[in-house]
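Number of protein chains: 2
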Amino acid sequence: MRGIVHDAPNINGFANVQLAAGLARALGIDAVFVDRDTVMAAIGEGVAGAAKGVRDYVYVTISTGIGGGLVIGGRLLRGVTNIAGEIGHLPVALEGPRCGCGSYGCVESLAAGRFLAEAYGVDDAARVFAAAAAGEPKAVAIIARAEAALGNLAIILVNGLNPSLIVIGGSVAEHEPAHTIEPMRRAIATRAFRVAADAVRLVPPGLGRDVGMLGAVISVRERLAGRAEWFL
Amino acid sequence: MRGIVHDAPNINGFANVQLAAGLARALGIDAVFVDRDTVMAAIGEGVAGAAKGVRDYVYVTISTGIGGGLVIGGRLLRGVTNIAGEIGHLPVALEGPRCGCGSYGCVESLAAGRFLAEAYGVDDAARVFAAAAAGEPKAVAIIARAEAALGNLAIILVNGLNPSLIVIGGSVAEHEPAHTIEPMRRAIATRAFRVAADAVRLVPPGLGRDVGMLGAVISVRERLAGRAEWFL
Chain A
1 MRGIVHDAPN
11 INGFANVQLA
21 AGLARALGID
31 AVFVDRDTVM
41 AAIGEGVAGA
51 AKGVRDYVYV
61 TISTGIGGGL
71 VIGGRLLRGV
81 TNIAGEIGHL
91 PVALEGPRCG
101 CGSYGCVESL
111 AAGRFLAEAY
121 GVDDAARVFA
131 AAAAGEPKAV
141 AIIARAEAAL
151 GNLAIILVNG
161 LNPSLIVIGG
171 SVAEHEPAHT
181 IEPMRRAIAT
191 RAFRVAADAV
201 RLVPPGLGRD
211 VGMLGAVISV
221 RERLAGRAEW
231 FL
Chain B
1001 MRGIVHDAPN
1011 INGFANVQLA
1021 AGLARALGID
1031 AVFVDRDTVM
1041 AAIGEGVAGA
1051 AKGVRDYVYV
1061 TISTGIGGGL
1071 VIGGRLLRGV
1081 TNIAGEIGHL
1091 PVALEGPRCG
1101 CGSYGCVESL
1111 AAGRFLAEAY
1121 GVDDAARVFA
1131 AAAAGEPKAV
1141 AIIARAEAAL
1151 GNLAIILVNG
1161 LNPSLIVIGG
1171 SVAEHEPAHT
1181 IEPMRRAIAT
1191 RAFRVAADAV
1201 RLVPPGLGRD
1211 VGMLGAVISV
1221 RERLAGRAEW
1231 FL
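Going down the list, the protein sequences come from chains A and B. Take the first sequence: its position 176, counting from 1, is numbered 176 in this note's numbering, and each next residue is one higher. Take the second sequence: its position 135, counting from 1, is numbered 1135 in this note's numbering, and each next residue is one higher.
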């Protein structure tokens, strides 16, 4: 299982690729670790970012796609086959367009930048937000659906995992907080269990937009030091 | 926080009740533990039931309501304020009837026995299943929606937590496996990440219909022995 990319929903045909072995050969080095960028970001935030010292948190990225990492009791949740935390592919609707993963209703397929652009028939999510801001009805509906989907994701995280912190990164979240982090906060405040809602904060990443890259550096350093994925 | 019922969505007005203290007084005993029935069931299944020896599993009950317990690395996930695992209140739809918890779109409000009966205007979910089996269109639609909601829940658990086992108990699951566990299996097989889908099994509880009660006995025994909530 290790070092193999089983599936990459947003890269056509990139499946069951022996990436670690290929990179090790091409680069002429021994130790190549392959991991999800969002997991790297989650680790980076825990070791040196907004989640430093926090034992129960979730990292969410809202960008071209949506992904994340779950940290429980100071440990990254991997699951039994390293899929845990694929939060972009949590279904939050009973129907919707086909997702890159083959399913439908995934929060990614309703709220990620690539899918907002596709739904509106443009090549950049920024144009959908601009059209919605100008009151164009189709764009307004697409953004409203994205906000509703992100609200459901936020409640899933809060009622399901009851963390003390949710770190929300990614280019869409960075540029459009009023349509991402704010509707997530509102959904939690109005629809999640009170005791869980009161216990959680939603914040941007402490490591900024390079969180994935910095997280990868931190993660490799931690691995080589034998500290694996316990942060605390 | 301990011993207090903050909220009970299906019992009107039962909020912020000091249940442990009241029971201790009324029964004249010292040690009263208050916990969710579904958490007791999850612990019971882990110590002596279908999940014995399994480190990463989810217990789901589909009954009057829907609830559960999440076990990760052999430990029950509590979250920071003991709400984690409230899987009945994970939103799986962008709209739907008002749930007992005040939200909407919760899988409980779309698929639990009480809400199936309410949606059909009868007093027992069994009548909705019977009407659907006879082809009555409104009942068929309600059950189809419930199956879709349970399918989304199953995928949330598999893509989000990537467990090796999901134990599915509760009276509705017991009586109507073709409308509960089977659509959950189908959703996982067709819509979840392949590597996670292949790693998980869905089974009924090993402790049968008394799983909650047996789990409570087991849980108290474990607590008094100082073993808390580590099973393995």
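Certain hints may be false.
Claimed, not checked - Pair by pair, the computed Cβ-Cβ distance ranges are: (1) B:1118 x A:190: 17 to 25 Å; (2) B:1171 x A:98: 54 to 62 Å; (3) A:34 x B:1198: 14 to 22 Å; (4) A:2 x B:1027: 37 to 45 Å; (5) A:118 x B:1189: 24 to 32 Å.
Said to hold, decoys possible - So these bits of chain B aren't anywhere near chain A, every CB distance computed over 12 Å: (6) 1030; (7) 1077; (8) 1126; (9) 1196; (10) 1206.
FYI, nobody ran anything at the bench for these hints, they're computed from the structure. Idealized CB from N, CA, C, for every residue including glycine.
Status of the hints after comparison with the structure:
1. B:1118 x A:190: 17 to 25 Å: 22 Å, holds
2. B:1171 x A:98: 54 to 62 Å: 36 Å, violated
3. A:34 x B:1198: 14 to 22 Å: Since the Cβ atoms of residue 34 of chain A and residue 1198 of chain B sit about 20 Å apart, the hinted range of 14 to 22 Å holds.
4. A:2 x B:1027: 37 to 45 Å: 54 Å, violated
5. A:118 x B:1189: 24 to 32 Å: 27 Å, holds
6. 1030: Nearest chain A Cβ is 26 Å from residue 1030 of chain B, so the label holds.
7. 1077: Residue 1077 of chain B is in fact no farther than 12 Å from some Cβ atom of chain A, at 6 Å.
8. 1126: Holds, because the least Cβ-Cβ distance between residue 1126 of chain B and chain A comes to about 24 Å, which exceeds 12 Å.
9. 1196: 4 Å, violated
10. 1206: Since the minimum Cβ distance to chain A is about 20 Å, residue 1206 of chain B lies beyond 12 Å and the statement holds.
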